[in-house]
Amino acid sequence: MLGGVLFVLATTLMSQTAKPTSQTAKPTTQGGAMAAQVTRGKQVYLQQCLACHQVDGLGVQGMNPPLAKAKAVLGDKAALIKIVLNGMQGVDIGGESYNGVMAPHRDLTDQEVADALTYVRNSFGNKASAVTAAQVKTIRATTKPPAQ
Amino acid sequence: MKSTIKNFYLATALCLAGFVAFGANDLSGDGGKKKPAKPVDAASQLKLPGGFKASTVVEGFGRTRHLVVAPNGVIFVKLERPKDGKGIYRLEDTNGDGKADKITGFGNYGGTGMAIKDGYLYASSNTDVYRYKLDGSNDVVNPDQPEKIVSGLLDRNQHNSKSIVLDNSGNIYVNVGAYSNACQIQDRTKGSPGRMPCPILDSAGGIWQFKADQPNQTYGTGTHYATGLRNVVGLDWNGQTNSLFVMMHGRDQLSSLWPQYWDDKQSAELPAECMYELHQGSNCGWPYIFYDQNQHRQVLGPEYGGDGKKGPDKEYQEPVVAFPGHLAPDGLLFYTGNQFPEKYKNGAFVAFHGSWNRAPEPQAGFFVVFVPFANGKPSGNWEVFADNFSGGPDKTASGRVDYRPCGLAQGPDGSLYVTDDTKGVIWKIAYNK
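One line per chain: the protein sequences are A and B, in this order. All residue numbers for the first sequence refer to my numbering, where the first residue is 4 and numbers rise by one. All residue numbers for the second sequence refer to my numbering, where the first residue is -7 and numbers rise by one.
Simulated from the structure, these hints should not be mistaken for laboratory data. Take the hints with a grain of salt, since some may be wrong.
Covered stretches of chain B (in silico footprint by chain A; criterion: 3 or more residues with CB under 8 Å from a CB of chain A, positions within the stretch not fixed) [claimed, not checked]:
1) 60 to 71
2) 177 to 183
3) 383 to 395
Only some residues are given here: those of chain B computed to face chain A with a beta carbon under 7 Å [claimed, not checked]:
4) Asn160
5) Gln252
6) Trp348
7) Ala351
8) Pro352
All C-beta atoms in this analysis are idealised placements derived from N, C-alpha and C, irrespective of residue type, glycine included.
Produce the complete structure using the sequences and hints provided.
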């Protein structure tokens, strides 16, 4: 029990050091590339996503949806990329409504979007394949920016 | 330090093989959920000044927002989302044990606003205001046939709750929050300039006044009472000053949208969460300015050319109290009872729902504060009255809290009632010398 408490304490402190190390999934192939992407993606997350989705990826009740174990995060990559590029507002997820506003993030490069999403898909208890810059490029080319 | 912690983590992970799976989850941030829940006693969890004691009327009741207590002690509470198809609940304690034992629901809509006046109960959805006639025992006469007092108020998700309060002259005041953070061309987008003038203000970002007894009013028949208010959730009529007081939720994201002017530490504290005393025509300046409680003055918003130092061209209404940023004031109540010690008389209680926009800095709030008043003005510094809704400093810092205070009401015996809108607790706080 004490070990558990210390462990939690240590991991809590760890999470505040903003170093994406052992929390990333280690896929059997392309592990190095994935880890590098996750490392870069965490930096994007800290600057662009954390304010709303929070340090632990659990979001804010009634405002900003959780990313941890979220269908939208772990599911269809094209739909996920569109959310980042076009933003999102007023969604109901699992019987909860979220009224926060997510701005479009078209100012990020394809690589930054891919890195951030790869980080999110492999953090907070999530484990899913990487998103590539090429995939983001394709989606960006085929979706219009939202009307202002 | 960092490497020490890392080594400690590695050692722990290696030694405690049984904890590895748990640890992996914990590192990713949701480990808190996995820990066995301690039995929480919602009543004794609250920290109160000496002589005060809390009990709970209901627990696990849903998204309980604002509430009122009728002269006979019957409670009416508004739910953000209907529970079993009902958005308003009448709670009565028939055997005097302090717990609601006769519970009836009505109103098929969610919302926040709840008020009681002269034999009528008023409730709001996120677009409309209704009223229900009450009988002598504060039973609702026709629960399925309320009068629709106001309809067609804007609901664009963001800041959509419609808080309500009545004056003593037959008027009802309704908040319509701005569906925006700071009226940027592209909401919450780095570097996006503010719209000038802000078009949102014609139908939101202010307080509208309506007649309390007239059905079918709309924007057109109401009075645009006050403007420049980003979002108000807590509001109350002050019988001493005969005026409306509101708590405004200040803007978010100074550092994430304008990192050239504010860092995360400054952005966690700014801008102030302000209490305003409103009169017809009041303009509190959103989105053009915000109040910097450290400089004790209004500064121009960055969307309108501000840099954290420049003041506005014109002065807007000054706040009467400026609290630290992002604490999210969701309830305001002027205390007029006789049960609490003399210093509380005519002072203001404010329920702070707690922050989220302080990340990555520690979160704050999750308490009810008290502001002493004399002659209709604050007469001293505010102090925390009811604390530890969160369940401890770590939970406060992470924002993963047990409870979030929202609504406030005063009972006929002078007790203070507080709701939590995450788990649905209603506390009664009483004083006994």
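Hint check results:
Only when three residues or more bring their CB closer than 8 Å to a CB of chain A does the claim for the region 60 to 71 of chain B stand; here the count is 0, and the claim is violated. Only residues whose C-beta sits within less than 8 Å of a C-beta in chain A count toward coverage, and the region 177 to 183 of chain B has 6 of them, enough to reach three; the restraint holds. Closer than 8 Å: that is the beta-carbon criterion, and the region 383 to 395 of chain B has 4 residues meeting it against chain A, so the requirement of 3 holds. Given hint, Asn160 (chain B) at the interface with chain A, is violated; its Cβ is 33 Å from that chain's nearest Cβ, farther than 7 Å.
Proximity of Gln252 (chain B) to chain A is violated relative to the hint, the smallest CB-CB distance being about 13 Å (cut-off 7 Å). The beta carbon of Trp348 (chain B) is positioned within 7 Å of a beta carbon in chain A (closest approach about 4 Å), and the interface hint is therefore held. Annotation: interface hint on Ala351 (chain B) holds; nearest CB of chain A at approximately 5 Å, less than 7 Å. Below 7 Å, beta-carbon pairs count as interface contacts, and Pro352 (chain B) has one with chain A at about 6 Å; its hint therefore holds.
This entry does not satisfy hints 1, 4, 5, going by the numbered hints stated previously.
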